[in-house]
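Now that you have both chains on their own, put them together as the hints suggest.
For the record, the sequence lines run as chains A and B. Heads up: the first sequence at position 117 corresponds to 117 in the numbering used here, and the numbers run straight through without jumps. Heads up: the second sequence at position 293 corresponds to 293 in the numbering used here, and the numbers run straight through without jumps.
The hints are simulated quantities; they were obtained by calculation from the structure and are not laboratory data. The structure displayed is predicted, hence computed values, not measured ones. It is possible that some hints are incorrect.
As the list claims (entries may be wrong) - Computed list of lysine-lysine pairs in DSBU-like fashion (alpha-carbon distance at most 30 angstroms, straight line):
| # | chain 1 | residue 1 | chain 2 | residue 2 |
| --- | --- | --- | --- | --- |
| 1 | B | Lys436 | B | Lys157 |
| 2 | B | Lys436 | A | Lys171 |
| 3 | A | Lys27 | B | Lys436 |
| 4 | B | Lys361 | B | Lys436 |
| 5 | B | Lys31 | B | Lys157 |
| 6 | B | Lys361 | B | Lys153 |
| 7 | B | Lys361 | B | Lys31 |
| 8 | B | Lys361 | A | Lys27 |
| 9 | B | Lys164 | B | Lys153 |
| 10 | B | Lys436 | A | Lys183 |
| 11 | A | Lys183 | A | Lys171 |
| 12 | B | Lys157 | B | Lys361 |
As the list claims (entries may be wrong) - Anything over 12 angstroms on all C-beta distances counts as not near chain B; from chain A, calculated:
| # | residue |
| --- | --- |
| 13 | Ala52 |
| 14 | His374 |
| 15 | Arg375 |
| 16 | Met381 |
Stated by the list, open to error - Residues on chain A that point at chain B, a partial pick, calculated with CB under 10 angstroms:
| # | residue |
| --- | --- |
| 17 | Leu23 |
| 18 | Ser73 |
| 19 | Ser77 |
| 20 | Ala117 |
| 21 | Val143 |
| 22 | Phe144 |
| 23 | Phe145 |
| 24 | Glu146 |
| 25 | Val147 |
| 26 | Gly157 |
| 27 | Gly160 |
| 28 | Glu175 |
| 29 | Ser181 |
| 30 | Leu186 |
| 31 | Phe190 |
| 32 | Trp232 |
Ideal placement from N, C-alpha and C gives every residue a C-beta, glycine not left out.
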Amino acid sequence: MFDSGWALSLIVFLPAIGALVVLAIPKENEEGQKFTALVFAVASFVLAVVAAFQFDYGQSQAFQFGTNIEWISAISSNYHIGVDGISLPLLVLSTFVTVLSIIYSWNHWPDPHNPKAFLALILILATGMAGTFVALDLVLFFVFFEVVLLPMYFMIGIWGDRDRVVLPVFKREVEMRLYASIKFFLFTLFGSAFMLLGFLALFFTSEPHTFDMLELAEAGRAGAFTGAVGGWIFAGLFLGFAVKVPMFPFHTWLPDAHTAAPTVGSVLLAAILLKLGTYAFVRISIPILPEQSQDWAPWIGILAVIGIIYASLACLAQTDVKRLIAFSSVGHMGFVMLGIATLTDIGINAAIIGMVAHGVITGLLFFLAGSMSHRYHTREMSRLGGNLKLMPVMGAILGFAAMASLGLPGLAGFWGEFMALLAAFNPLDALDLDALFRTLMVLGAIGTVLAAGYLLWMLQKVNLGEPSEEWADHEFHDVDGFEMAAWAPLIISILVIGVWPKLVFGATNDAVVNLVQVTFGG
Amino acid sequence: MDIDYHALAPELILGFTVVAVLVVDLLPVRKYWAAIVGLIGIFAAAVPLLTLALCADLTFCDDGPRLIFDGSYEVDTFALVLKALFLVSAFVSLLLSVGYVESDRYYQGEYYFLLLASAFGAVVMASSRDLISMFVALELVSGPAFLLAGWRKGDAKSNEAALKFFIIGVLSAALLLFGMSLVYGITGELTFAGIAAASAGLDDPTFTIGVLFVLLGFAFKVSAVPFHFWTPDTYEGAPTPVTAYLSVGSKAAGFVGLLAMCYLAFGEARNLWGPVLWIVAAASMTYGNLVAVRQTNIVRLLGYSSIAQGGFMLAPFAVASLVDEAGLGDALFATVTYLLIYAFMNLGAFAVIIAGAVRTKSAEIDDWAGMWSYAPGIGGLLAIFFFALAGIPPLAGWFAKFVMFRALLVGTSGWGALLAAIAVVNAVVAFYYYAKVVKAVFMDPVPEHIVADDLRTREVNPALQLAFAITAAGVLILGIFPQLIGFFGEATRQLASGL
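With the rest of the complex left out, here is chain B (with noise of 0.2 angstroms):
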């Protein structure tokens, strides 16, 4: 069989890192070196990606489809689109980690590891699309991450993190793995294509409960209402960065599947999920929100917004049902745009937290007060960051929620325009508690058993530097040029075109 290696190289060196990885930990070297090799690693990875993307303008390059292991394995733009996001969110999560798990008392080369290895499995679903590459590829991204939910094992609270953690996976496994025996069953087809050509005109009550068990598996995996509950406890008790890494790069990859699933495989279905997730977008973002309001602990506060998140994501999902082929396009972009955008905010909140709480020692939103007065760098990213997941133009956040917001209203139906409603009314309760946060931060008194000046920790680590200085270039040229992730909007309507 002809492989296409181009086609692979990203895989192949990242495959190539986690392996190394593993044998820097052996060597008699400080253990940060583990994670400079997975930074290089990724890095390296991203080379591939760039000559693929750049392929038609290349000279040897032999540009053409990139279908590879009979159909089931595609490295299109919407592949390396999303692979260029979780290779941004595994860098800065590595990043995140070094410093935070050198002041740990807890091993560190199996660490980096398991990031890489959950990162790895990301970059395979991106371009997954057959039903078994897709589950093996979720099962490694979730595999390492329980792991590492658990990492602080001398905390209760992460042990409890990783439990629920890894019990609502392997219940959400089960359910996926089922939905997608039914699915093959009926249609006998292992492609996303081919199920889809198999589908059409399908009435057979088997395929839809496939489906929907399908759903409802990643469902658990993107934390959406009402298979959320694990995630506020799991974000709280995983070791901070590990968070970050679950609230972008995890969930970013429960996106992609459903992303793959609903779009490739079950096309011809959409008048089945489209209402349902509808539904669920709805809930997710309502819920999300108002129970954020109430949360005192600023991570379980981040743990619910991306749950509400989450449903902003999903929303154009719900409007496939009624668009054309043009506005199916629209819904695939926005949530691309909506995920990476997310990416790079939410990161930065997380790169935020983790130096803030280096500070305070807390995670208390109260403990943060008045930290402009003291850490106005901290705060100042703080604001952007908050202020960015809020929606505030000019930061990048304002056009995740307007290709949302566009998608749905593309049809000018009034279940979309509901939707968008719906939505609207949320980013303002949203903003109310980020804006409660940033309003500790710059404009209530700094706590008296808050020691302001601690020399000790005065120094943010060069990691969380690099953190926050890609996050927050992210943040701010995405918000004055998002032409910059606007480019692949035509591939995506292409993608789209087939249905």
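The following block holds chain A by itself, in its conformation from the complex (with noise of 0.2 angstroms):
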């Protein structure tokens, strides 16, 4: 079933079309709803399970399952999917925390309640991320790129964070989630309509016009986008990709939308809509533009740098948890666009684990960090403390997410971070630029230090010591059986991954040293 290819689009659209039947089902029938968006998210992470298993990995480097039929033949676009060992894990990702955040909402509804939107929106937003993962066509990409933004604004903008707070620039009073979801949505419009314009300005350079990412990477290589206009392009989809991901300065609305956000937003967001940015770096950028990527890739590994070290130092000046783990984000993503800046081999592999790893360790911590605020009904961390007291069970989850976050061995964060460094040791030849990405290295490797020191902070501060009076007549609950049914399969694989890395290198190694060798004949 895979073979003949329709397999992949029902990964893609099966969410979609769950999202219209919960729509059909009456307002009243709670349970038929979040049934019925379990079986449709389940169904399409089964789907995502089986293609991983049938799966040629012997040949990673070639787009399997594909499909390419004529869908906008007036622009010569195509609807045509296909996955390769680079994109296989994150797809499989994506439809994983699809399924996660479905359960975890099952008891636990944002106000304003109305579970019926709520998880029309979370399907919506999965065959957005699946789909933007298998898209091989630019427009069909640009498509489901965007497609995520709805559901995701939505979701902010009702479910969000009802704290007041004062507008930068404005200086008027508003409610966080309205200032963070269109903040969200102009940052990343901005970013993807130039994006939108590169991508056609490819089209017009290449010969013969086409969207299709395969032949542009095969006219990229016979240096079809040169000069000037390669530069723009460039430039372009840059500022699309960065913004997503988010790039230090891009960033700022990162914290905001993170933090205002619900607990399954954020880790929708987190877990998955930043690696858009990221996956699209790898999967666009490089192959199509080789002779631009090596132009920016020492101000992509600097902005990448910074990002590292500002964030850790940011963390270190959060009193709310939550937006201490987006800014740790921001951090995150610095050590993965670290590793694509260094255009070898190791650093894409490294981007590529750590994409995965940043998934389901920081997922796990914004679950953790909601279902901790739902207890307390406050993020402040200095009113928090004596949790591991409080709440045995989750206070350990908290303890072990945030080791995994600051890059434990043994644990999936570890490798993501330490391949990026390893990498930046020695980037590809051609850069000639051993000596700026070496201090790119130390500076990377002090950043995993400071990363380590605010973790740790964070966890002295919520975790232990003794709880405060404030709780002293509380009862609180230890982490439910939704929470343990969401969190468990995150916490196996935080583990996996840790000690058994090839269960990611194994699909995208091939397909890595491919990309590097026919893009940079290194």
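What follows is the structure, given as structure tokens:
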């Protein structure tokens, strides 16, 4: 069923169909809505797992399970999809986290409730995410890339944080959710509009005109996009992807969006949406614009490391647990971008395992932050403390997740950071920038130390010590069944990827080595 | 003279319907029968449209160049697509009107008559290929529209709307006629093909002035900056269904005139109109969007948004002097595609406004706050149409913007890229105010003075429901399968290759 190509489409569109079915269920029947949503999400996930088993790992650089049919012939755009070793782990991850989000939502409904709309949004989001990872046509990619915006906008705006904040420039007081949702949208839209111009310029510069990523990559290797036009195209794409990642200095939407989003929104945002940007660098920028990628690599590397250091320092200044985790995302994505900037097989492998690891680890951290603020009704670290005593299981999982996040060897987070730094020691020969990248490596390594610092500091404030008197009369539920059902798979993944990274590398390595070889001849 | 009645069938049916509506108005039946006759007539007029479009595949159909009245009137794919657009907008506008006009205390039969007459003019316009038929058709579009804008004669705002619209309309008609007379005087030709042939290599300042006056006349019609100032007041004052018609049908008619004149008649002068329209397009989108951000009334907001959208539609014209034949075809294709998709989006948005205004009895955005909580259907549709207007995939607006950008970047010229960059920034600004309305409806609390569950206003009348169904289906289906309207891309390319 995979060879014929339609199963991959099923993975992408099952959730969207599920969304329509959920919308058709009467408002009162909440159980029905939840089950329907879960069934469709699980079906999509199971298919993705089956795809992972059927995938020919010996040929992981080739696109498999593909379909290529005419879609909009008026603009020569095709419905061209397929997975290779680079996109497969991310496809599985996105369907996986969607299922967990729905399980977690079972008894955690942010105000104003309305599970029907919330579940439909999660499912639409799932279609957009999965679609982005399989799209091999730039127009198709653009559509999926944008489809994720609306659900996330509504999720943050309707179910988000109702604390009031004062706007930075306008000095007006608004609710956090309203500010964060529109900021998220405007930033991403701005970037992706320029990205679209870049896509169109690629189309018109290529001969024959095409939106097909594979054909464009071939043209790019043959030197079709050079000179000033190539530079402008890269700049347009860079803007679109860098906002999405987000890279310093385009990151400012992220802490607000992550903090304001409802728990599941933060999880999906951190675990999957950020990867759309980094994935696009690997899938589009590098293969199609190899020359410009080399020109821009040092700058991307520098911005990545600024992001790492800046985010770590920002984390140390946070008082809100969720905001701290949000800023830590900026730092982790900095490592991913550093790996990509080295343009080596080790670096890009590091980037992909870094994305997967960040997805499961930060996903778990946001789940925890959500469950804790659900119980404490605050996220202020100064008021928390002694969590381990009040809720031993929750505290233990938080400790575990924090350790994974700081890159403890043996857990998933380690590989991405370690290998990114390793790759920075020895970047692509053609770059001839060993000194610069080694400096970046040292700075990045300092970043890991700082990361350990803020995470341990957070653990100390939240988990350790005596509970403050405020909570003396409170009865706390420790982790409940649905939470455990959503978290256990994440914990297991963190462990498994940590001790057996080949789970990811097995898929990615050949594809990445091939990518670097054909693109840079190294 | 041999007349191709098949080619004229849509116009003949529509003309008959216009008269039939007046007759029904005389009969002792409920007035909405006039609307029903109108709807049936439009539907019937669409049938020959379909047979004409599929002519090549039909055995009884005599396919060939459908150039009638000595080249004054042509029924080609371009004309058919636009006729379909006008029929759809007239159909939906009628649907929007039924409940609205019935709940008012003004004449009804005449209302439907005028709306259909205006649509009839637009349908004729799509085929007009000479100066006279173009002008007459344009006046047939405008004349009834003046009256419709002032329909609520007891309302001072409606009077203002009609008066402003009328004075500007007459002024623009005068400018247009003056320009046409100069063009005719210099070239000695009335048909567009003749003008194009006669103006090749022509370097005459009078011709230039003539072209500029024609552009000016149409700039009023399509409410391009700086000739836009009547738009927000007229839109606000006119009855909402009429506003819907003005912003789609009447505006599209202006664009059709502009397209036909620019590409078919003044193709040789594109070094002249290209740069002029570059400036007009950039100014329209920027001004329209910036002012729209400040609006608190939802109709005025859509009024300014329509000025900005007009700028996006004009943008492909701007690069006409910078591209080759294929690029011209792409530009023509982009504007027509934009018009088609815009018709669905904007008519849908006005349908939402009509339904929402019934619930809240207000057009102030603040009063619409929290509507999603008591009218989820209207709220959801509002999100669909407003985000479609903003150009967010998978709603149809993305394809309109996409082809617009595509047309701008065809020649990879610096000017094209600059206009594309301006358009990008504008698209982001536009998103902000569309999202502002969505935010109010979905995320803000219901104001205290709004009676959320007034049982008398809960029902959405069937005509409006049908309008919703048509427009929403259009926006969703065209967003996912844009190829459905992409088919005529080849036809526009052929049309442009004659330049």
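Now for the hints, and whether the structure bears them out:
Restraint check for B:Lys436 and B:Lys157: satisfied, since their Cα atoms lie roughly 26 angstroms apart, inside the 30 angstroms limit. For the hint pairing B:Lys436 with A:Lys171, the CA-to-CA distance comes to about 18 angstroms; that is within 30 angstroms, so the pair holds. Note on A:Lys27 and B:Lys436: the hinted pairing holds, with a Cα-Cα distance of about 27 angstroms set against a maximum of 30 angstroms. As the CA atoms of B:Lys361 and B:Lys436 are separated by approximately 20 angstroms, the hinted pair is consistent with the 30 angstroms bound.
Only pairs whose Cα atoms come within 30 angstroms are accepted, and B:Lys31 paired with B:Lys157 is accepted, the gap being roughly 26 angstroms. Restraint check for B:Lys361 and B:Lys153: the C-alpha separation of about 19 angstroms stays at or below 30 angstroms, so the hint holds. For the proposed pair B:Lys361 and B:Lys31, the alpha carbon gap of about 24 angstroms is at most 30 angstroms, so the pair holds. Our distance criterion of 30 angstroms between C-alpha atoms is met by B:Lys361 and A:Lys27, whose separation comes to about 27 angstroms.
Proximity of B:Lys164 to B:Lys153 is assessed by CA-CA distance (about 14 angstroms); at most 30 angstroms being required, the pair is judged to hold. In summary, the hint linking B:Lys436 to A:Lys183 is supported, as the alpha carbons are separated by about 12 angstroms, within the 30 angstroms threshold. In summary, the hint linking A:Lys183 to A:Lys171 is supported, as the alpha carbons are separated by about 15 angstroms, within the 30 angstroms threshold. Pair hint B:Lys157 plus B:Lys361 holds up; C-alpha atoms about 17 angstroms apart against a cutoff of 30 angstroms.
For A:Ala52, the condition that its CB be more than 12 angstroms from all CB atoms of chain B holds, with the nearest at approximately 27 angstroms. The non-interface label for A:His374 is consistent with chain B: the shortest C-beta to C-beta separation is roughly 21 angstroms, beyond 12 angstroms. With 12 angstroms as the threshold on Cβ separation, the claim that A:Arg375 sits away from chain B holds: the shortest Cβ distance comes to roughly 26 angstroms. Distance check for A:Met381 against chain B: the nearest CB is about 29 angstroms away, which clears 12 angstroms, and the non-interface claim stands.
Satisfaction of the interface hint for A:Leu23 is found here, the shortest Cβ-Cβ separation to chain B being roughly 9 angstroms, below the 10 angstroms cut-off. Evaluation of the A:Ser73 hint against chain B yields a held restraint, the C-beta minimum of about 6 angstroms falling below 10 angstroms. Interface hint status for A:Ser77: upheld, as the beta-carbon distance to the closest one in chain B is roughly 9 angstroms, under 10 angstroms. Proximity of A:Ala117 to chain B holds as hinted, the smallest CB-CB distance being about 8 angstroms (cut-off 10 angstroms).
The interface hint given for A:Val143 holds, since its Cβ lies 4 angstroms from the closest Cβ of chain B, which is under the 10 angstroms cut-off. Because the beta carbon of A:Phe144 sits about 8 angstroms from the nearest beta carbon in chain B, less than 10 angstroms, this interface hint is met. Interface hint status for A:Phe145: upheld, as the beta-carbon distance to the closest one in chain B is roughly 8 angstroms, under 10 angstroms. With its C-beta approaching chain B no nearer than about 4 angstroms, A:Glu146 sits inside the 10 angstroms limit, and its interface hint holds.
Below 10 angstroms, beta-carbon pairs count as interface contacts, and A:Val147 has one with chain B at about 6 angstroms; its hint therefore holds. At its closest, the beta carbon of A:Gly157 sits 5 angstroms from a beta carbon of chain B; the interface hint therefore holds under the 10 angstroms criterion. Residue-level restraint check for A:Gly160 holds (minimum Cβ-Cβ distance to chain B is 9 angstroms; threshold 10 angstroms). Annotation: A:Glu175 was flagged as interfacial toward chain B, and the flag holds, the nearest CB pair being 8 angstroms apart, inside 10 angstroms.
Interface restraint check for A:Ser181: the shortest CB-CB distance to chain B comes to about 8 angstroms, inside 10 angstroms, so the restraint holds. With a cut of 10 angstroms, the hint placing A:Leu186 at the interface with chain B holds, because the nearest CB-to-CB distance is about 6 angstroms. About 5 angstroms separates the beta-carbon of A:Phe190 from the nearest beta-carbon of chain B, less than 10 angstroms, and the hint is met. A distance limit of 10 angstroms between C-beta atoms decides the matter here; for A:Trp232 the minimum to chain B is near 8 angstroms, and the interface restraint holds.
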